[in-house]
Amino acid sequence: MKTSDFYYDLPQELIAQDPLTDRSASRLMHLSIKDGSIEHRHFTDILEYLNPGDCLVINDTKVIPARLYGHKEETGALIEILLLKRNENDVWECLVKPGKKARKGTRISFGDGLLKGEIVDVIEDGNRLIHFEYNGIFEEILDQLGEMPLPPYITHKLQDKNRYQTVYAKHEGSAAAPTAGLHFTKELLEKVKEKGVQIAHVTLHVGLGTFRPVKVDDVEQHHMHSEYYVVEEDQAKLINDTKKNGGRVIAVGTTSCRTLESATGEDGVLKAGSGWTEIFIYPGYHFKMIDSLITNFHLPESTLMMLVSALAGKEKIMHAYEEAVKERYRFFSFGDAMLIN
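Just so we're aligned, residue 9 is where the sequence shown starts under this note's numbering, counting upward by one.
Just so you know, these hints were derived from the structure itself, not from any lab. The C-beta atom is built at its ideal place from N, Cα and C for all residues, glycine as well. Please note that the accuracy of each hint is not assured.
Within a straight-line C-alpha distance of at most 20 Å, the following computed EDC-like cross-link-like pairs (lysine to aspartate or glutamate) qualify [unchecked claim]:
1. Lys-108 to Asp-133
2. Lys-169 to Asp-68
3. Lys-80 to Asp-120
4. Lys-252 to Glu-274
5. Lys-322 to Asp-225
6. Lys-178 to Asp-151
7. Lys-70 to Glu-147
Cβ-Cβ distance ranges computed for the label pairs, FRET-style [to be verified]:
8. Glu-274 to Ser-45: 30 to 38 Å
9. Gln-20 to Glu-155: 21 to 29 Å
10. Gly-273 to Lys-80: 47 to 55 Å
11. Glu-323 to Lys-80: 47 to 55 Å
12. Glu-180 to Gln-229: 28 to 36 Å
13. Glu-141 to Asp-226: 38 to 46 Å
Let's have the full structure, built from the sequences with the hints guiding it.
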């Protein structure tokens with residue numbers, strides 16, 4: 009299976025640069041797993057595809073303002089840092105730009121010394137481990153100095169930080185938003201509940217590994233980065249009971265999907281707990297828990313294209329994406345949605 013098998017041609021102008029004023033005003037493409045048929049709808053029509061007894065599973069992670077700009081204490085040179093993963097004792101794994109001169113021992117000052125950091129190690133992929141020093145609460149300083157880490161294909165400045173958070177974002181720790189959830193408003197979630205659909209939550213802190221381009225020709229040689237997830241006891245029960253009672257488990261986003269598939273055993277039972285997952289889902293994968301997926305339109309040749317192809321079939325997905333381009337859907341983080349059902 010070649011990475012190039014998942015390429016499609018996307019005109020630049022279809023990459024959504026700004027979120028819509030109304031979250032739920034986006035379009036929705038419904039793709040049938042069974043016969044590949046496609047329907048063009050609006051996101052609020054999602055209610056028509058949900059049945060009483062189903063369970064919608066959301067990822068309640070919260071994006072931290074993980075992009076920091078600082079200066080090297082020695083030379084005053086500007087340096088950009090993206091916080092990826094929190095380790096112990098105020099050490100974070102970070103992406104550093106420009107990276108070549110960011111050597112071990114380099115000291116960086118942010119916000120006129122409100123926050124200071126020292127590069128303590130250079131690890132795989134050229135990421136850095138940085139130890140931070142500060143007075144007070146790290147999250148509050150980050151809120152003051154940090155910017156939302158929008159993906160590189162979004163060139164517009166985000167006017168409202170909250171638009172890169174879901175309305176149910178709760179547990180801080182992501183370097184990117186679980187974007188399928190951005191379409192839901194509190195009102196729409198209420199209507200979902202009124203229909204007799206359960207809403208369960210899991211947490212997966214989204215790292216940049218999800219968006220890293222696949223650099224190998226052979227799909228199976230690609231290595232996913234690990235991401236931290238949590239499935240609480242009562243939520244596992246709710247999801248397992250849904251299955252037991254004949255309801256469907258519908259993942260909101262590839263992050264919810266990966267969490268559920270990571271924490272479900274070969275017996276089809278979801279286990280409560282927390283841990284790190286490196287699950288890589290591509291065609292040939294046998295889904296153990298999810299029945300349907302609400303997702304956005306993904307980058308060509310990405311691991312997410314491979315995941316949706318595993319669920320719906322590669323030919324159906326490639327045809328659906330051709331159709332989406334033809335119908336001028338909006339793509340990527342702030343774009344339109346797809347229900348694979």
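>> With the threshold set at 20 Å, check whether the alpha-carbon distance from Lys-169 to Asp-68 stays at or below it.
In response: holds, 16 Å
> Is Lys-252 close enough to Glu-274, meaning Cα to Cα at most 20 Å?
Replying inline: holds, 15 Å
> Has the given pair, Lys-178 with Asp-151, been kept, meaning a C-alpha gap of at most 20 Å?
Replying inline: holds, 15 Å
> Using the C-beta atoms of Glu-274 and Ser-45, is the stated range 30 to 38 Å upheld?
Replying inline: holds, 32 Å
> Glu-141 and Asp-226, beta-carbon distance inside 38 to 46 Å?
Replying inline: This hint holds: roughly 44 Å between Cβ atoms.
> Is the gap between the beta carbons of Gly-273 and Lys-80 within 47 to 55 Å?
Replying inline: holds, 49 Å
> Taken at face value, is the distance from the CA of Asp-120 to the CA of Lys-80 at most 20 Å?
Replying inline: Given pair Lys-80, Asp-120 holds - Cα atoms ~11 Å apart, limit 20 Å.
>> Lys-322 and Asp-225 were given as a pair; does the straight-line alpha-carbon distance stay at or below 20 Å?
In response: Between Lys-322 and Asp-225 the Cα gap is close to 17 Å, so the pair holds against 20 Å.
> Glu-180 and Gln-229, beta-carbon distance inside 28 to 36 Å?
Replying inline: Cβ of Glu-180 to Cβ of Gln-229: about 33 Å, so the range 28 to 36 Å holds.
> Is the gap between the beta carbons of Gln-20 and Glu-155 within 21 to 29 Å?
Replying inline: The hint (21 to 29 Å, Cβ to Cβ) holds, given that Gln-20 and Glu-155 are roughly 23 Å apart.
>> Just to be sure I understand the hint, the distance between the Cβ atoms of Glu-323 and Lys-80 should be within 47 to 55 Å; is that true here?
In response: Between Glu-323 and Lys-80, where Cβ atoms are some 51 Å apart, the hint holds.
>> Against the 20 Å threshold, does the CA-CA distance of Lys-108 and Asp-133 hold or violate the hint?
In response: Distance of about 12 Å is within 20 Å: holds.
This entry satisfies every hint, going by the numbered hints stated previously.
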